[in-house]
Amino acid sequence: MYQEILKKYEPTKDNLIYILHDIQDNDPQHYVSESAVQSVSEYLRIPVNHIYGVLTFYTMYSTTPRGKNVIRLCESPPCYLRGSDNILAKLKNTLGIKTGETTSDGLFTLELCACLGLCGNAPVMMINDDFYGDLTDDKIDQIIHNIREAK
Amino acid sequence: MKYFRSHILIETDEASVQQGAREVMNALKQELAKHNLDQEVNVLETGSLGFFERGVCIAVYPDDVIYGNVKVEDVSSLVSEHFLKGRPLTHLVIERSEKKNIPLGYDKRIVLENSGNIDPEEINDYLGVGGYLAWEKALLEMKPEDIVQTVKDSGLRGRGGAGFPAGIKWSFTSPIKGVQKYVVINADEGEPGTFKDRLIMEGDPHKLLEGTMIASLAVGATKAYIYIRGEYKLCINRLQRAIDQAYEYGLLGKNILESGFDLDIEIETGAGAYICGEETALIESMEGNRGIPRTKPPYPGVKGFMQNPTVVNNVETIANVPAIINKGADWYRNIGTAESPGTKVYTILGDVAVPGLCEVPMGTTLRTIINTYGGGMKKGSRFKSALVGGAAGIFLGDNMLDVKMDFHNLAEYKAVLGSGAILVINDSVNIVDMLESVIKFFRHESCGKCVPCRNGNEQLYKSVRKIKAGYAGEDELDKMLLIADTMQKTSFCALGQSLLLPVKSALDMFKDDFLSYINKKKAINK
Amino acid sequence: MKSLEELRKIREKAQQDMKLRGSNYRIKIVVGMGTSGIAVGAREVMKSFLEEIEKRGLKDVQITQTGEKGLSSMEPVADVIEEGKPKVTYGYLTTEKAKRIVAEHIVNGQVVSDYIVASE
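Residue numbers (my numbering), protein chains in the order written: chain A, 1 to 151; chain B, 1 to 526; chain C, 1 to 120.
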């Protein structure tokens, strides 16, 4: 099932990072499964342990299934100064989960991340590929509400 | 309750006080008392009224008149005209519409001259503002040695943090013959508080491409990569579009403009690791490995990507190159300071009125950057410190607001320009809390290769938590300094070496903040 | 693939195209579409401008996009450019503010001074 993705790339090790991105982006649960790692290992002819080494090194990858919407809230100093800890509390409260967990309906996963480069609009978060800035409690309510409505 | 006929609000934020707000306030009080108006007119202090480059501003209510550039010598006529005769002193009145007017300073910009003006998705827009003229000139009129020499002469220094002269870096790789050489653009922007490279790539991707082309020609690389962090989706899309357009226009590919030179540019994406900003870690990542730094030497300029000579430059550095080729080294040297020519992009963040970004000549003072481009302090807050240079930067106090910001001057204060991030912190914030956030960042981002960084960050984090929880004595501070100092001396790469700057500066400048945590608990325990 | 001659011609033409004078447009609205802008609603503002121009049938107004100026905290930001007049930069835009700018500035020629945030 991963052949379609794999064949887009030359079977050389330097393509590993993209292949993993591509697999994860096309997985409805935003992660790289064991069977995917196996396929990549066979295709690139590199050991599974190397691939896991890479997967667990970079923060954008996940080896466990995640929600349909992965929320990544920035906790670096510029966002912290502007109250990202309050936003984190608000998100935990609204979603009823802790950092690193997924809601029972599988709709949201909450993660913390390092600087997203949108510090002029701190506090900031990403949901999948979209950025949200100047966050307030009200904005969080609205964003979460909109996603729940749109599902 | 006392009834006042009028209220005068005088701004006493950092910028206004600097320009004599307190003197004006005292003069006002005296003048009002002289005319027996002190029981009728109330003088109150307030934060910034939000006007820029208007000196000391005061607002009079209920009349709703705002005066700007008020000086002590204006006070007597102001009181006699406005409060005795009841008519505004017209030559000092400023309009509300002037509020929040931030100067954009496009006339001084180099790397961001087009961002915010042209359509970044149209190559014709870039051509319309003189785009790719430098590429034509370099390709058709200059020898690679001339390009390297021009960049050397310009004094352009790396804008990624270390400040290494770009021309000298190129001169190591340029003479190597007979092997595949590479140019890699480091766009793995991850320093907290930094987004200058994102603005260049999103707002003017062709400028980065043009600089990359010239650098490749100069060092003899026929293949260039732009390594962008995975989160910057818009940058990746716009740059890919720009690359496609450049191929279509024959600016990339084989035998470019019939010069005989071939060049391909490709985008590589990161996957979320701050350490990949270190050039050898970045190369490891490009090769499909964990981003762990390599032993230097050999430097990438000799043995880099796939063991071939590789020049790694930051986005902002490369974006300066087209202008240097077009206008010459002398022109560039005339901007900024003697040791640090050119401009620098700063991000101004935190407790300022309008967080954002500016590009100004090297040597501009911190005070000017905060007050002019950040709009001064946020309403109702006072300046306490600025974390300058990103998380790996230094906490500066208000005694350093007038330091000229360039490589040379900051080095004298043992500070760094870093990535150009300026995080302004107000006086209600405890620096220990900020330091905790900084250490947390490095603890998370340490790659784990060497012991000092891997364990040092963990121990520093424990120390700061202990201090905040009130379990630490003053000896904990010495311990933190010792750990940070050891990390600086023994860590494998700049990541572990950087912690000393924020830790030491926080301890030097704001020891009271640490003691407030330590003593608070002591008092309770007694 | 273009030759040097062709490239130079394209550049000359592009230089002409960027001027309002002699073009079919009287006025140009340039919306900042960087990540900061988009994160706080620039897409909606762009849409609002387009709808309003369409609704009013204004044929002499050009709407384009650009990157960020550096006014992150004032996003969404848009410029209104008219021949012979200083460029006006509006900030903190919303869909409603965009409508007001079209009604007052684009149609009636009255600058909405409350929304101005920056100067050249």
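Among the hints, erroneous ones may be present.
[Claimed, not checked] Restricting the straight-line Cα-Cα distance to at most 20 Å, the calculated cross-link-like pairs of lysine to aspartate or glutamate (DMTMM-like) are: (1) K223(B) x E284(B); (2) K233(B) x D130(A); (3) K139(A) x D60(C); (4) K2(C) x E136(B).
Think of the hints as simulated: they come from the structure by calculation, not from any bench.
20 Å Cα cutoff - pair K233(B), D130(A): At roughly 9 Å apart (the allowed maximum being 20 Å), D130(A) and K233(B) satisfy the hint.
20 Å limit on alpha-carbon distance, applied to hinted pair K139(A) and D60(C): 37 Å, violated
Holds or violated: K223(B) to E284(B), with C-alpha atoms at most 20 Å apart: 17 Å, holds
20 Å Cα cutoff - pair K2(C), E136(B): 13 Å, holds
Against the hints set out earlier in the document, a violation occurs for number 3 only.
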